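Please build the complex by placing chain D on the supplied structure of chain E, with the hints as guidance.
Number of protein chains: 2
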Amino acid sequence: MAKKAKKNRRTLSRESSRESAGGQALIFDLDGTLVDSVYEHVLAWNEALQQEGIEYPSWAIHRRVGMSGSLFLHEVLGEISSRSGKKRGEINVKRIQKLKKKNFAARLPQVQVLPGAGELLKRLSHLGIPWAIATSGAKEEAAPLLRLLKLPAHSLVVTGDEVKEAKPEPDIFMLAAERLRIPINNSIIVGDSVWDLLAARRAKTLGVGLLCGGYGQAELEGAGAYRVYKDPADLLQHLGELGIR
Amino acid sequence: MAKKAKKNRRTLSRESSRESAGGQALIFDLDGTLVDSVYEHVLAWNEALQQEGIEYPSWAIHRRVGMSGSLFLHEVLGEISSRSGKKRGEINVKRIQKLKKKNFAARLPQVQVLPGAGELLKRLSHLGIPWAIATSGAKEEAAPLLRLLKLPAHSLVVTGDEVKEAKPEPDIFMLAAERLRIPINNSIIVGDSVWDLLAARRAKTLGVGLLCGGYGQAELEGAGAYRVYKDPADLLQHLGELGIR
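For the protein sequence lines, the chains are E and D, in the order given.
Residue 1 is where the first sequence starts when you use the working numbering, and the numbers rise one by one after that.
Residue 1 is where the second sequence starts when you use the working numbering, and the numbers rise one by one after that.
Chain E with its partners taken away, still in its complex shape (with noise of 0.2 angstroms):
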């Protein structure tokens, strides 16, 4: 693991420097990331199932949160009829969306903002250093959490109905450096679950993951992460690893 570390620095330090030339971003996902929103996902989706009579561990619901719903609906109901032989036609997709969104809703009002967050996005601006957020959610389900960051109005945010595959595909990244107009590969990727880093695999460029929604670090650093912090108030403290100064 020391070795690959070392590996990567080198990589890093290398883009590092066509960065200067080219310029250089980092590219946030929301849910568990920025907000402390995951164990609320995570509640809403094991209830939403529930009202449809279906069982499913919270667990297992949380080591898929960050994936796009209906990507993570698929799965679960995958698993779901191939254990039960229950057919998939039986399942109503669209009211466990709908149900959930609403179970959501109704917890919105615990979550916070994750620590440093704010701190975190304002230092980059003011280094001027481009970020944006990228998040799998749907626009309207993102509103409020996007709204609890109070964000400067000129923030670029790009949400799951923009793209047509969401995470693990790197298109929502991938969309949002193209709007900072900034490669790809110049882009930091900073996000808390496996398929935030997956996605950044993908998409041939650098994932840092955070503790703050939940993974341990080894599942982080073996999806891929180049460097693992607890928080945005940890990473804050740590630009400098990712060659921001």
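Hint data in this document are derived by calculation from the structure and do not stem from the laboratory.
Incorrect hints may have been included.
Copies of the same chain look alike in the list, so a pair counts if it works inside one copy or between any two.
Unchecked claim - Below 30 angstroms or equal to it, Euclidean Cα-Cα: the simulated DSS-like pairs (lysine-lysine) are:
hint, residue 1, residue 2
1, Lys94, Lys164
2, Lys230, Lys94
3, Lys139, Lys122
4, Lys139, Lys101
5, Lys164, Lys102
Predicted model, so just to flag it, every value in this text is computed and none were measured.
Showing chain D alone in chain E's frame:
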């Protein structure tokens, strides 16, 4: 890691042969091990802290659930007071604990049994393998969760209020083994959190980790898990690996 697993396996088979003379037992944690309640506990704590004006992220609570509630608060409040300069005395610990209890009770209807939990306990009884449940939680909070498991009348359950020191102290597991009349080092401790596994090591016995509490595999192995399974259903399918036939 592979080497370590091999070494542990050797130790296990040596112990298994000893057990076949002196008996063998399984001691289970409750929350996140047999019932799917960890995410509800996390949000109940998070809400209680918010109600007292304390922001503390869910993932960091998650990593501490499974300790006793008072040890948990001791750790969290120590961290908060060192960060905010708030004096410990200014924080109403009793009120936070009371609020947490209330918040968890409100989330109880959503808690389900984890896959295979009932079947696993039934199978052990059928095989004549003594087993017990040992939970850091108070009797009052554990009672509704235990009801979900529909345990047989004679089942042995040890709760947090029966010992002076909760996990990661090994006391609760030692007491369970004592009541089962099985030497603690002939008992295998099954839990979802690093606190169960650290307690197992301190009790000088084997610990088996389950992923269904939301920890990652490497975290559980790092805390000394001899084996890691997905959930009780997965453990049931691999009982032979623990030397149980």
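Quick rundown of the hints versus the structure:
1. When the C-alpha separation of Lys94 and Lys164 is checked against a cutoff of 30 angstroms, the pair qualifies only within one copy, where the shortest distance is 18 angstroms, while the shortest distance between copies is 51 angstroms.
2. For the homomeric pair Lys230 and Lys94, the shortest alpha-carbon distance between copies (29 angstroms) is at most 30 angstroms, but the shortest distance inside one copy (36 angstroms) is not.
3. Only within a single protomer do Lys139 and Lys122 lie at most 30 angstroms apart by alpha-carbon distance; the minimum there is 23 angstroms, versus 48 angstroms between protomers.
4. Taking the shortest Cα distances, Lys139 and Lys101 sit within 30 angstroms of each other inside one copy (12 angstroms), while across copies they are farther apart (35 angstroms).
5. Proximity of Lys164 to Lys102 under the C-alpha cut-off of 30 angstroms is restricted to the intra-copy arrangement: shortest distance 24 angstroms within a copy versus 43 angstroms between copies.
In this structure, none of the earlier numbered hints is contradicted; all agree with it.
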